[in-house]
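Participant: Please take these sequences and the hints and turn them into a complete structure.
Chains as they are written, first to last, in this note's numbering: chain A, 1 to 110; chain B, 111 to 226.
FYI, nobody ran anything at the bench for these hints, they're computed from the structure.
Ideal placement from N, C-alpha and C gives every residue a C-beta, glycine not left out.
Hints should not be assumed to be uniformly reliable.
FRET-style restraints, in silico, Cβ to Cβ [stated by the list, open to error]:
1) A:D39 to B:V183: 24 to 32 Å
2) B:S210 to A:H74: 40 to 48 Å
3) B:A112 to A:H74: 26 to 34 Å
4) A:R61 to B:L226: 18 to 26 Å
5) A:H74 to B:K181: 39 to 47 Å
6) B:G163 to A:E45: 25 to 33 Å
7) A:P40 to B:G182: 28 to 36 Å
8) B:K181 to A:D39: 29 to 37 Å
9) B:S137 to A:D39: 19 to 27 Å
10) A:G29 to B:G182: 22 to 30 Å
11) B:S137 to A:N95: 38 to 46 Å
12) A:F72 to B:G182: 32 to 40 Å
13) A:H74 to B:I122: 38 to 46 Å
DSBU-like, lysine-lysine: derived pairs with alpha carbons at most 35 Å apart [as the list claims (entries may be wrong)]:
14) B:K154 to A:K63
15) B:K154 to A:K79
16) A:K42 to A:K68
17) A:K109 to A:K68
18) B:K121 to B:K188
19) B:K125 to A:K57
20) A:K42 to B:K121
21) A:K79 to A:K68
22) B:K172 to A:K42
23) B:K154 to A:K109
24) A:K59 to B:K172
25) A:K69 to B:K154
26) B:K154 to B:K181
27) B:K172 to B:K121
28) B:K154 to A:K42
29) B:K181 to A:K42
30) A:K109 to B:K121
31) A:K42 to B:K125
32) A:K59 to A:K69
33) B:K154 to A:K57
34) B:K172 to B:K125
35) B:K181 to B:K193
36) B:K193 to A:K109
37) A:K109 to A:K63
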Amino acid sequence: EDQVTQSPEALRLQEGESSSLNCSYTVSGLRGLFWYRQDPGKGPEFLFTLYSAGEEKEKERLKATLTKKESFLHITAPKPEDSATYLCAVQSYNNNDMRFGAGTRLTVKP
Amino acid sequence: EAGVAQSPRYKIIEKRQSVAFWCNPISGHATLYWYQQILGQGPKLLIQFQNNGVVDDSQLPKDRFSAERLKGVDSTLKIQPAKLEDSAVYLCASRRQGASDTGELFFGEGSRLTVL
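Facilitator: Laid out in structure tokens, this is it:
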């Protein structure tokens, strides 16, 4: 069964303090690994898709990387507006479902 | 493109009452999903439609939950009778089809249900 585990559950950073979020996964036939951002009271908002090990994607202060077992979301010099819950999800070729982790709740203090 | 529309945004009911949520996906998106997100957890799939057919409803509690997508466009999720543990946000998502499909899901803002 596909599984996604995210760590840490919660992360508090000072503005400008870089860090990484982890997403460990097991899936039979990875079609894609997805990162979403979710603000309170909102639906998840798409950030990145990674398809194969070694792939990297960047967007502003965020950079996502992928290995065969895990993905990292690196946040460089975060700002308070980066505070949100970051969700990782995997999609397999066996079905069209997207299996989500529980998320990492990021708080960036000014 | 216009986003996924959901209503109502908030609903409070007593246990054993019924409730219905509505979703209108992005125009042209054939695949529609309903997810349940309990506070502090990631979204969990309840049901997936391809056009108006059910692809996966293995995690839908069929004794109390039902969903339909009659014309292959908008969808309704119903809970009857509701239990306390059904308190959650119900998220609707849709997905592109064909050559433009990247696997990405587009989510609505969700319907927050509180069962008292």
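Participant: Against each hint, give a clear statement of whether it holds in the structure.
Facilitator: Cross-check of the supplied hints:
About 28 Å separates the C-beta atoms of D39 of chain A and V183 of chain B, a value consistent with the hinted range of 24 to 32 Å. For S210 of chain B and H74 of chain A, the Cβ-Cβ distance of about 29 Å falls outside the hinted range of 40 to 48 Å, so the restraint is violated. Taken as a hint, the range 26 to 34 Å holds for the pair A112 of chain B and H74 of chain A, whose Cβ atoms sit roughly 33 Å apart. At about 41 Å, the CB distance of R61 of chain A to L226 of chain B disagrees with the hint of 18 to 26 Å.
Checked against the hint of 39 to 47 Å, the C-beta distance between H74 of chain A and K181 of chain B comes to roughly 44 Å, which is consistent with it. For the pair G163 of chain B and E45 of chain A, the beta carbons lie near 28 Å from each other, so the given range of 25 to 33 Å is met. At roughly 33 Å, the beta carbons of P40 of chain A and G182 of chain B sit within the given window of 28 to 36 Å. The beta-carbon spacing between K181 of chain B and D39 of chain A, approximately 32 Å, falls within the hinted interval of 29 to 37 Å.
Between S137 of chain B and D39 of chain A the beta carbon distance is about 25 Å. The supplied range of 19 to 27 Å therefore holds. Evaluation of the 22 to 30 Å hint for G29 of chain A and G182 of chain B yields a pass: the beta carbon distance comes to about 28 Å. At about 25 Å, the beta-carbon gap between S137 of chain B and N95 of chain A misses the expected band of 38 to 46 Å. For F72 of chain A paired with G182 of chain B, a C-beta distance near 39 Å keeps the hint of 32 to 40 Å intact.
Separation of H74 of chain A from I122 of chain B is about 40 Å and conforms to the stated range, judged on CB atoms against 38 to 46 Å. For the proposed pair K154 of chain B and K63 of chain A, the alpha carbon gap of about 26 Å is at most 35 Å, so the pair holds. At roughly 30 Å between alpha-carbon atoms, K154 of chain B and K79 of chain A fall within 35 Å of each other, so this suggested pair holds. Pair hint K42 of chain A plus K68 of chain A holds up; C-alpha atoms about 31 Å apart against a cutoff of 35 Å.
For the suggested pair K109 of chain A and K68 of chain A, the alpha carbons sit about 33 Å apart, so the restraint of at most 35 Å is met. With a C-alpha separation of about 13 Å, the suggested pair K121 of chain B and K188 of chain B falls inside the 35 Å cut-off, and the hint holds. Among the hinted pairs, K125 of chain B with K57 of chain A is inconsistent with the structure: their alpha-carbon atoms are about 46 Å apart, more than 35 Å. A C-alpha spacing of about 16 Å is found between K42 of chain A and K121 of chain B, which places the hinted pair at or below 35 Å, so the restraint holds.
A threshold of 35 Å between alpha carbons decides the hint, and for K79 of chain A with K68 of chain A the separation of about 30 Å falls inside it, so the pair holds. Distance check on the hinted pair: K172 of chain B and K42 of chain A sit about 27 Å apart at the alpha-carbon level, within 35 Å; holds. Pair hint K154 of chain B plus K109 of chain A holds up; C-alpha atoms about 30 Å apart against a cutoff of 35 Å. Between the alpha carbons of K59 of chain A and K172 of chain B the distance comes to roughly 41 Å, so the proposed pair goes past 35 Å and is violated.
The suggested pairing of K69 of chain A with K154 of chain B holds, with an alpha-carbon distance near 21 Å, which does not exceed 35 Å. Only pairs whose Cα atoms come within 35 Å are accepted, and K154 of chain B paired with K181 of chain B is accepted, the gap being roughly 25 Å. Our distance criterion of 35 Å between C-alpha atoms is met by K172 of chain B and K121 of chain B, whose separation comes to about 21 Å. This hinted pair checks out: K154 of chain B and K42 of chain A have alpha carbons roughly 16 Å apart, not beyond 35 Å.
Straight-line distance between C-alpha atoms of K181 of chain B and K42 of chain A comes to about 27 Å, which keeps the hinted pair within the 35 Å bound. For the proposed pair K109 of chain A and K121 of chain B, the alpha carbon gap of about 33 Å is at most 35 Å, so the pair holds. With a C-alpha separation of about 25 Å, the suggested pair K42 of chain A and K125 of chain B falls inside the 35 Å cut-off, and the hint holds. At most 35 Å may separate the alpha-carbon atoms for a hinted pair to count; K59 of chain A and K69 of chain A meet this at roughly 22 Å.
A C-alpha spacing of about 26 Å is found between K154 of chain B and K57 of chain A, which places the hinted pair at or below 35 Å, so the restraint holds. Distance check on the hinted pair: K172 of chain B and K125 of chain B sit about 17 Å apart at the alpha-carbon level, within 35 Å; holds. Under the criterion of a C-alpha separation no larger than 35 Å, the hint pairing K181 of chain B with K193 of chain B is consistent with the structure, at around 29 Å. Distance check on the hinted pair: K193 of chain B and K109 of chain A sit about 38 Å apart at the alpha-carbon level, beyond 35 Å; violated.
For the suggested pair K109 of chain A and K63 of chain A, the alpha carbons sit about 20 Å apart, so the restraint of at most 35 Å is met.
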